[in-house]
Amino acid sequence: MKSFTFEEIKQKLVNYCVYQDRCHFEVEQKMREFTLIPEAKDQILLYLIKENYLNEERFTRSYIRGKFYIKNWGRNKIKIRLKQKGISEKLMLKCFDEIDENDYKNTISNLYKTYFSKLKYLKDYQKKIKTTRYLMSRGFEFDTIENLMSEV
1 MKSFTFEEIK
11 QKLVNYCVYQ
21 DRCHFEVEQK
31 MREFTLIPEA
41 KDQILLYLIK
51 ENYLNEERFT
61 RSYIRGKFYI
71 KNWGRNKIKI
81 RLKQKGISEK
91 LMLKCFDEID
101 ENDYKNTISN
111 LYKTYFSKLK
121 YLKDYQKKIK
131 TTRYLMSRGF
141 EFDTIENLMS
151 EV
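Under the working numbering, the first residue of the sequence shown carries the number 1, and numbering increases by one thereafter.
Don't read these hints as lab results, they were simulated from the structure. The beta-carbon is built from N, C-alpha and C at its ideal position, and this holds for glycine as well. Some hints here could point you the wrong way.
With a straight-line cut-off of 30 Å between C-alpha atoms, the simulated DSSO-like cross-links for lysine-lysine are [to be verified]:
id : residue 1 : residue 2
1  : 90        : 67
2  : 79        : 128
3  : 41        : 79
4  : 30        : 113
5  : 30        : 77
The calculated label-pair distances, taken between Cβ atoms and stated as ranges, are [stated by the list, open to error]:
id : residue 1 : residue 2 : range
6  : 30        : 122       : 45 to 51 Å
7  : 146       : 120       : 21 to 27 Å
8  : 85        : 10        : 18 to 24 Å
Let's have the full structure, built from the sequences with the hints guiding it.
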């Protein structure tokens, strides 16, 4: 196992944060790869925060945008994953304004139509059940799905 100096480790973590927005949890996990005393870990974390390499709100906003607009995840799935990363409920609620309500409804509608049309040889009620399950597994709320089905 190769050993690194404090400055080398600090630079590696700066590069890690520059590459993509990170949360505290991910940086702390990355730090476990290196043998550091707790004081050194704290010092690096403070440096990353002070120099704005590490910013929880920026990470949360970026994560929400990416998972919704690129992966088409719903709010529930995004919330669960953010909780796993140690993001507070308060911060999550503050950052969910990154998702435009019209985009949210359009995404659910498009996913619904696409998945529903793929289900051939099933009765309509079976298609609706399977499509609802699919959308819920993507993290969309049952009430929102139900409202959409009543419109379609």
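Hint check:
A hinted pair counts as satisfied when its Cα atoms are at most 30 Å apart, and residue 90 with residue 67 qualifies at roughly 19 Å. For the proposed pair residue 79 and residue 128, the alpha carbon gap of about 25 Å is at most 30 Å, so the pair holds. Between the alpha carbons of residue 41 and residue 79 the distance comes to roughly 28 Å, so the proposed pair stays at or under 30 Å and holds. Distance check on the hinted pair: residue 30 and residue 113 sit about 41 Å apart at the alpha-carbon level, beyond 30 Å; violated.
A threshold of 30 Å between alpha carbons decides the hint, and for residue 30 with residue 77 the separation of about 24 Å falls inside it, so the pair holds. The given range of 45 to 51 Å is respected by residue 30 and residue 122, whose C-beta atoms sit roughly 46 Å from each other. A beta carbon spacing of about 24 Å between residue 146 and residue 120 agrees with the range 21 to 27 Å that was offered as a hint. Between residue 85 and residue 10 the beta carbons are some 22 Å apart, a value that agrees with the proposed interval 18 to 24 Å.
Going down the numbered hints, you'll see the structure goes against just number 4.
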